[in-house]
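*Asks:* Here are the chains, one letter per residue:
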Amino acid sequence: MTKIDKRFLSGNEAVAEGVRLCRPQVIAAYPITPQTTLVEKLSEFVADKEFPCEYMLVESEHSAMAATMGASMMGVRTFTATSSQGLLYMCEMLNFVSGSRFPVVMVNANRSTATPWNIFGDHRDAMAMRDSGWIQLYTESGQESMDTVIQAYRIAEDPRILTPVMVNLDGFSLTHTYDLVEVPDQEVVDRFLPAYQTDNKLDLKNPKSQCISIGPDFHTEIRLQQQDAMDMAKKVIADVDAQFGKEFGRSYGGLVQEYRCDDADYVLVVLGSVAGVARTVVDELRKQGEKVGVIRVRSLRPFPNEYFASLKNRFKALGVLDRNLSFGNQGGVYTETKAALFTPGNMIQTLNFIAGLGGRDITKVNIAEMFSKLKAVSEGEAENEMQFIGLRWS
Amino acid sequence: MAIKFNELTDQELLYGQKTCPGCAAPIAVRLALKVLGENTFTCLPACCMCATTSVYPQMSFFINNTTTAFPATASTCAGMAAAAKMLGIEDDVTILGIAGDGGTTDIGLQALSGACERNDNILYLCYDNEAYMNTGIQRSGSTPYGAWTTTSPTNEEVVGKNVVKKNLFDIICAHRIPYAATASVAYPRDLLEKIAKAKDIKGARFIHIQAPCPTGWGYKPELTVDLAKMAVENGLWTLAEYQNGKLTVNVKPKTFKPVKAYLSAQRRFRHLKEEDFAEIEKQRDQEWELLRRKENEL
Numbered sequence: 001m002t003k004i005d006k007r008f009l010s011g012n013e014a015v016a017e018g019v020r021l022c023r024p025q026v027i028a029a030y031p032i033t034p035q036t037t038l039v040e041k042l043s044e045f046v047a048d049k050e051f052p053c054e055y056m057l058v059e060s061e062h063s064a065m066a067a068t069m070g071a072s073m074m075g076v077r078t079f080t081a082t083s084s085q086g087l088l089y090m091c092e093m094l095n096f097v098s099g100s101r102f103p104v105v106m107v108n109a110n111r112s113t114a115t116p117w118n119i120f121g122d123h124r125d126a127m128a129m130r131d132s133g134w135i136q137l138y139t140e141s142g143q144e145s146m147d148t149v150i151q152a153y154r155i156a157e158d159p160r161i162l163t164p165v166m167v168n169l170d171g172f173s174l175t176h177t178y179d180l181v182e183v184p185d186q187e188v189v190d191r192f193l194p195a196y197q198t199d200n201k202l203d204l205k206n207p208k209s210q211c212i213s214i215g216p217d218f219h220t221e222i223r224l225q226q227q228d229a230m231d232m233a234k235k236v237i238a239d240v241d242a243q244f245g246k247e248f249g250r251s252y253g254g255l256v257q258e259y260r261c262d263d264a265d266y267v268l269v270v271l272g273s274v275a276g277v278a279r280t281v282v283d284e285l286r287k288q289g290e291k292v293g294v295i296r297v298r299s300l301r302p303f304p305n306e307y308f309a310s311l312k313n314r315f316k317a318l319g320v321l322d323r324n325l326s327f328g329n330q331g332g333v334y335t336e337t338k339a340a341l342f343t344p345g346n347m348i349q350t351l352n353f354i355a356g357l358g359g360r361d362i363t364k365v366n367i368a369e370m371f372s373k374l375k376a377v378s379e380g381e382a383e384n385e386m387q388f389i390g391l392r393w394s
Numbered sequence: 395m396a397i398k399f400n401e402l403t404d405q406e407l408l409y410g411q412k413t414c415p416g417c418a419a420p421i422a423v424r425l426a427l428k429v430l431g432e433n434t435f436t437c438l439p440a441c442c443m444c445a446t447t448s449v450y451p452q453m454s455f456f457i458n459n460t461t462t463a464f465p466a467t468a469s470t471c472a473g474m475a476a477a478a479k480m481l482g483i484e485d486d487v488t489i490l491g492i493a494g495d496g497g498t499t500d501i502g503l504q505a506l507s508g509a510c511e512r513n514d515n516i517l518y519l520c521y522d523n524e525a526y527m528n529t530g531i532q533r534s535g536s537t538p539y540g541a542w543t544t545t546s547p548t549n550e551e552v553v554g555k556n557v558v559k560k561n562l563f564d565i566i567c568a569h570r571i572p573y574a575a576t577a578s579v580a581y582p583r584d585l586l587e588k589i590a591k592a593k594d595i596k597g598a599r600f601i602h603i604q605a606p607c608p609t610g611w612g613y614k615p616e617l618t619v620d621l622a623k624m625a626v627e628n629g630l631w632t633l634a635e636y637q638n639g640k641l642t643v644n645v646k647p648k649t650f651k652p653v654k655a656y657l658s659a660q661r662r663f664r665h666l667k668e669e670d671f672a673e674i675e676k677q678r679d680q681e682w683e684l685l686r687r688k689e690n691e692l
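From first to last, the protein sequence lines are chains A and B. Read in order, the letters of the first sequence correspond to residues 1 to 394 in our numbering. Read in order, the letters of the second sequence correspond to residues 395 to 692 in our numbering.
Read the hints as simulated data drawn from the structure, not as lab findings. Be aware that a few hints might be false.
Pairs of lysine-lysine residues, derived as DSSO-like cross-links and limited to a Cα-Cα distance of at most 30 Å, are as follows [unchecked claim]:
(1) A:Lys201 - B:Lys667
(2) B:Lys676 - A:Lys208
(3) B:Lys479 - A:Lys208
(4) A:Lys205 - B:Lys654
(5) A:Lys41 - B:Lys479
(6) A:Lys49 - B:Lys596
(7) B:Lys654 - A:Lys201
(8) B:Lys646 - A:Lys208
Listed next, the stretches of chain A that the computed footprint assigns to chain B, with coverage defined by at least 3 CB atoms under 8 Å from CB atoms of chain B [to be verified]:
(9) 17-28
(10) 117-124
(11) 212-219
Note that beta-carbon positions come from the ideal geometry of N, C-alpha and C, so glycine has one too.
Full structure from sequences and hints, please.
*Replies:* Below you can see the structure in the form of structure tokens.
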């Protein structure tokens, strides 16, 4: 038996340990709050020769993703990390990387997008990149963030998938929050994650052109391949999480993680770190006899449509807590969840709660209010479909 | 390194591209690849060379090649070079960026500056046709003073582009990289020797090649090399090198030929009047004054 190595780490430090264990050969990164402590830690690892790596200190996020792509197309494992404005600045390159099927893994420290300028957490950055062709996973803890980075390489590099993965962790509430994290042994990770091998690379023995233009005559077929890979990723994300569980003793539900939903009347769908406080509220309300539960969406892309379609009439009402908003419509997770629920016979009532924008705390009181609104709407009371929770004024 | 034309390989690593007749860009790239050889990885942004060589299913590069985003030639190359180092092949291969003037002096300048500052192990060729030609002749930072383009139109009061061409070579030299040069398709031996020299140097290398464009400049395709030669003889294009902190001007005309013959041969300058020719010669003389001073100082 190997001894258990538990350390007190911030979310960013836990991610850095995860990246170290995956041994990317090229890292290209540009600093942005709240991702900085992650790239700082990785610089130390590389300087201390913890793993062989070319660490590129590039002059922008656009170049970070371009350099990562350039390295990946040579057939090496790559990593980068960013947040907020940096992610938006990468937008063009995100689409290059996914379209040409390079299995880049990136950590995004979720942060609000300007303006108003704000360095704190919400999901508007990643949500704006929802259609970039990347797999998007959201984590709840430092431990899960580290574990998900390791899983992300297995998913991205699977020859059936070859799709980049963005691992999202909430800015500050995860990136800068310390917790006890179990750091696995290198040999166990090596067994779980073999060295990257691919034919999708530039190769002196077999020269080819990458990232080429494809006109109307073949374009749709290429896009179908991307969609097929995303569909397959639903299975692979779940399988990899289950295998990770067998190997490391921790797993996270694959695409979605339910908490006390079996006999629930009212459930709240969440993304990211707010799941913890939501579970605490569920436990408290359960003591008062309320049948409530939490569904944490772990994979926003691919979206667990089949899961939501299967809910049918399991619950009386379902709320979606969005730390983002598509102005002129509703929260991003809500519109997708509602669309997935739209199956014959579905009678679950739905509400959308907008909260936690620009890093505002989502309190237990806020969560309890959401559950009481779900109960009210299921009992016939009028509620606006979309509501801002915890407003100072309205 | 002396180049002997009769010893150049017959092997063509670029052919079948759909460039316009008379395009100087494939002349430059084809020649460069004869020196650089099969172990070259080319990287092109959105530009004429990409649009005419890399459209599925007909590939015109017979070596490893990638397209990248418009601003990302140097940064993509830098990532490829980092991977080549990790794969242990960096001394056996050339990572070659090939971009136009818009993709270099304008949208790609930040990434190129970053790669130069980091001294990434890449060779970057800018083929300068002095406007956004792939999108249909729009003004770039590299369009010369007085030139008509679709976005620098001319009329009674406007001369076309009314500011001077950005001096890319100066900008690159300011990064103090191991090797930078300017070249011309009218001087193939000079061009090939510069490519050969750059090939054997490690670190960031840059060559700026004037690439006359019959379509965008408005002249007959067979005049490409003649015009490129005239530009060097009248002083509007220079052949220079920067190495080991030293600037060398390779061709120094004793007296400059008048610019009028060169400019009048191109439709993009046909609106120019005598005073405009005089203004352009004044600008040229100032540029050369600066160049001579730098040659002595750097």
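*Asks:* The structure should be examined with respect to each hint, and the outcome stated for every one.
*Replies:* Do the hints match the structure? See the list:
no., hint, in the structure
1, A:Lys201 - B:Lys667, "violated, 54 Å"
2, B:Lys676 - A:Lys208, "violated, 49 Å"
3, B:Lys479 - A:Lys208, "holds, 20 Å"
4, A:Lys205 - B:Lys654, "violated, 51 Å"
5, A:Lys41 - B:Lys479, "holds, 23 Å"
6, A:Lys49 - B:Lys596, "holds, 24 Å"
7, B:Lys654 - A:Lys201, "violated, 50 Å"
8, B:Lys646 - A:Lys208, "violated, 42 Å"
9, 17-28, "holds (count 3)"
10, 117-124, "violated (count 0)"
11, 212-219, "holds (count 5)"
The structure shown violates the earlier hints numbered 1, 2, 4, 7, 8 and 10.
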